[in-house]
Amino acid sequence: MLNLIWLFLILTGIGVAAYNGRIDLVTETFFSGANEGVKVCLDLIGLMTLWLGMLEIAKQAGLVRVLARLLRPLTVLLFPGVPPNHPALGAIIMNISANILGLGNAATPFGLKAMEELQKLNPHQETATDAMCTFLAANTSCITLVPATIVGVRVAAGSANPTEIVGPTLFATGFTMIVTLFADFCWRNFFRARRRRGRK
Amino acid sequence: MIEQILTEVSRWAIPFLFVLFLVVGWCRRIPVYEAFIQGAAEGFQIAVRIIPYLVAMFVAIKIFRVSGAMDIFARICAPVLGLVGAPTEVLPLAVMRPLSGSSALGLATELIYSHGPDTFIGRLASVMQGTTDTTFFVLTVYFGSVGIKRYRHAVPLGLMADLTGLFASLFICHLLF
Chain L
1 MLNLIWLFLI LTGIGVAAYN GRIDLVTETF FSGANEGVKV CLDLIGLMTL
51 WLGMLEIAKQ AGLVRVLARL LRPLTVLLFP GVPPNHPALG AIIMNISANI
101 LGLGNAATPF GLKAMEELQK LNPHQETATD AMCTFLAANT SCITLVPATI
151 VGVRVAAGSA NPTEIVGPTL FATGFTMIVT LFADFCWRNF FRARRRRGRK
Chain E
1 MIEQILTEVS RWAIPFLFVL FLVVGWCRRI PVYEAFIQGA AEGFQIAVRI
51 IPYLVAMFVA IKIFRVSGAM DIFARICAPV LGLVGAPTEV LPLAVMRPLS
101 GSSALGLATE LIYSHGPDTF IGRLASVMQG TTDTTFFVLT VYFGSVGIKR
151 YRHAVPLGLM ADLTGLFASL FICHLLF
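From first to last, the protein sequence lines are chains L and E.
Numbering-wise, the first sequence is residues 1 to 200 according to this note's numbering.
Numbering-wise, the second sequence is residues 1 to 177 according to this note's numbering.
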């Protein structure tokens, strides 16, 4: 599916550029786009290094374990395939917390760490596990308590009430997260049921 | 009032976390400096591993946007989204949001400035920006970092989350503003 989307983006892009007589844009955009991708990664190197260092302190101090134990009822329900004390859960919880607080630059390092830990539990190294799909569903639909960036933009644009969108955003993200996690739950159980039937 | 508290929470969260980790670590007699170095050592490899995925996504998304294909795509989607009460102005934002965070933020900022932050479109753009996520970025980078090739139901789930977020934003904005 991602193959098709990627192909669609590039081919329609080139097609439209050619139709508009701006085929020169293609070369230019490809090179600058590639550069931007690497720049994002360079920014991420510092953040990853910093946050993984802090995470290791929190882990050795037992903080991650305490947090994971507090949220165990939820994680057992959402991630039945992950053992309750697995380090993946700590990273998942830190990633979701960072997302909720609108700390985008802390969320990605924890998220990548969580994927690495989940991959250790994966029997088929090239295929996503249920836990990975659930984690990404939770990640992309995550509740936002503090949409800090957009409030900043609204302040800069001279809004009379820049934070009035916090409530609506909380509602919309909360609704989205519930729907998405429910859909994931159904999907997981539907596929498991079907696979079991297939084996008989 | 509540909203001010929330803004403060976001300002204090990271400094608070750093102090908490360091103080608890120190109290538990953890060699904090060595622990930091030990964890941080992995940071570089993980970050560098995602370069190919980032470049692939950035190139595709940028050519789609710069060539004008995105505007055409948004115009084709317009009648469908118009049915559920989405103003045509926010369509490029709705299309761009799952693809690229920085482009979407640019579009949202532009909408907020040109229509005014306290207009319906300004508010809707703000809520949409906060509600949906850069699904494709997250999918490619997260799966790419560990070498997953078969994404299974993560793609439809992510797209569904974005659509649900779009509809939920429209619903709540029509209700409140």
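Think of the hints as simulated: they come from the structure by calculation, not from any bench.
One should not assume that every hint holds.
[Said to hold, decoys possible] Selected chain E positions facing chain L (in silico; Cβ < 10 Å): (1) 30; (2) 37; (3) 43; (4) 51; (5) 56; (6) 80; (7) 81; (8) 84; (9) 88; (10) 128; (11) 129; (12) 141; (13) 145.
[Stated by the list, open to error] Restricting the straight-line Cα-Cα distance to at most 30 Å, the calculated cross-link-like pairs of lysine-lysine (BS3-like) are: (14) E:149 - L:120; (15) L:39 - L:120; (16) E:149 - L:39.
Glycine included, every Cβ here is placed at the ideal spot set by N, Cα and C.
When the least beta-carbon distance from residue 30 (chain E) to chain L is tested against 10 Å, hint result | holds, 5 Å
Should the interface hint for residue 141 (chain E) be scored as holding, given a Cβ-Cβ cut-off of 10 Å against chain L?
-> holds, 8 Å
Proposed interface contact between residue 84 (chain E) and chain L, which counts if any beta carbon pair is under 10 Å = violated, 14 Å
Given hint residue 129 (chain E) near chain L, where the shortest CB pair must fall under 10 Å | holds, 5 Å
If you draw a straight line from the CA of residue 149 (chain E) to the CA of residue 39 (chain L), is it 30 Å or shorter?
-> holds, 24 Å
Taking the closest Cβ pair, is residue 43 (chain E) under 10 Å from chain L?
-> The hint holds - residue 43 (chain E) has a Cβ within 10 Å of chain L, the shortest such distance being about 3 Å.
How about residue 56 (chain E): closest beta carbon in chain L under 10 Å, or not?
-> holds, 7 Å
Verify the interface restraint on residue 37 (chain E): the C-beta must sit less than 10 Å from at least one C-beta of chain L.
-> holds, 7 Å
Verify the interface restraint on residue 51 (chain E): the C-beta must sit less than 10 Å from at least one C-beta of chain L.
-> Holds - the Cβ of residue 51 (chain E) comes within 10 Å of chain L, reaching about 5 Å at its closest.
Residue 39 (chain L) and residue 120 (chain L): Cα distance at most 30 Å?
-> holds, 29 Å
Under the criterion that the straight-line Cα-Cα distance not exceed 30 Å, is the pair residue 149 (chain E), residue 120 (chain L) satisfied?
-> holds, 16 Å
Would the stated hint for residue 80 (chain E) survive a check requiring a Cβ distance to chain L of less than 10 Å?
-> violated, 18 Å
Hint check: violations occur at hints 6, 7, 8 and 9; the rest are consistent with the structure.
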